[in-house]
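Number of protein chains: 2
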Amino acid sequence: MSDQQRNQRHTQRMQRKKELIDAGVARADKDKGLILINTGNGKGKSSAGFGVVARALGHGMTVAVVQFIKGSFQTGEENFFRRFPDEVEYHVMGEGFTWDTQNRERDIATAMVAWEKAEQLLSNPTIDLVLLDELNIALKMGYIPLDRVLAALRDKPEMQHVVITGRGAKDELVEIADTVTEMREIKHAYKAGIRAQKGVEL
Amino acid sequence: MSDQQRNQRHTQRMQRKKELIDAGVARADKDKGLILINTGNGKGKSSAGFGVVARALGHGMTVAVVQFIKGSFQTGEENFFRRFPDEVEYHVMGEGFTWDTQNRERDIATAMVAWEKAEQLLSNPTIDLVLLDELNIALKMGYIPLDRVLAALRDKPEMQHVVITGRGAKDELVEIADTVTEMREIKHAYKAGIRAQKGVEL
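Line by line, the protein sequences are chains H and S.
Okay, so the first sequence: first residue is 1 according to my numbering, each after it adds one.
Okay, so the second sequence: first residue is 203 according to my numbering, each after it adds one.
Worth flagging that the hints you see were computed from the coordinates, not collected in a lab.
Cβ atoms here follow ideal geometry from the backbone N, Cα and C, with glycine treated the same way.
Possibly wrong hints are sitting among the right ones.
To be verified - Subject to a maximum C-alpha distance of 27 Å in a straight line, what follows is the list of computed BS3-like cross-link-like pairs (lysine-lysine):
(1) H:K32 / S:K372
(2) S:K372 / H:K140
(3) S:K389 / H:K170
(4) H:K30 / S:K372
Claimed, not checked - Each pair of labels, with its calculated beta carbon distance range:
(5) H:G168 / S:R369: 35 to 43 Å
(6) H:S123 / S:F286: 51 to 59 Å
(7) H:R106 / S:R369: 36 to 44 Å
(8) S:L352 / H:V113: 35 to 43 Å
(9) S:K234 / H:R167: 36 to 44 Å
(10) S:G262 / H:D22: 39 to 47 Å
(11) S:R369 / H:V113: 22 to 30 Å
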């Protein structure tokens, strides 16, 4: 096949692809506040949530973050997004991972304080995007009643976007979400003896 | 089982978990610039890359971004991260998705300009993190020679981190990466007729 033929075929294939994509775009004409879930055992669940925060800020939107489980060590994303107090309301409610505290009652109390903050945010239409980081873990541990979470999501402002992260997303949450991604671990540096690297994982 | 028993069991289980995790942490004692790949057909590949950018900036690191394919529309993350020209070097090299241009030769030329910029960044030890957004697509389309990408990654500064995104990551890339995550689509709003939402997907 000559270069010219290859280029022609490429153009034809891309024209067909463009037609299909344009038709899809024409069909997808609804606007809606989305519920996104990032789950699975791989990396990138929280990172993707914080990437969406950056994207929303780039459009002049207002953002609120609640971190449910982390909190015993200062993380890079917290350092960074706290630079913008007028645009990002940032709450870190957890007291470290649950195997650090080893105290179920205290963990439940902490999780419920975080959840009540989240409920306020989910009923505030002036906040365009709410990131509920590691909420899935708190749900999986049974620290927060699933019913209350489902009710708050059902009643949220129509155009508000919500991102929920953490492994082990509950089926009922997946059910009411608009977009659900499973982050699957294919390979992890940690297993090769490399500790969590500042700026990448912390 | 009484509440007290349940709490005791929880404490014991978490103590065992903490021992396991602490032992893992003790084993993982290497520091290294990581190569991370976010691939798969689900959402969150680029978002997770930009989340890592935010995290790195929170640690005072310097960052460079090359966007290989996007570029015909202004995206939120570009708006946002261009606010920090002293900390983030931002290059958008693509001219829209390849089915918009429908011109293979021009796409190759554009991709190679972007790649040459990436090569400069990957040999600059003053840059702590390089995000090569949608590089996988450019590789999959055959626009950039895989050998050159592998060579640049092998020779990069030892402590520099690199994040590569895009579906269809090449096996050879997965091979030399430290951490690879597959974003799997479980559910996507677009298929329910909801168009890409500003702040979340754009």
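Against which earlier hints does the structure fall short, listed by number upward? Result: hints 1, 2, 4, 5, 6, 8, 9 and 11 break, sorted rising.
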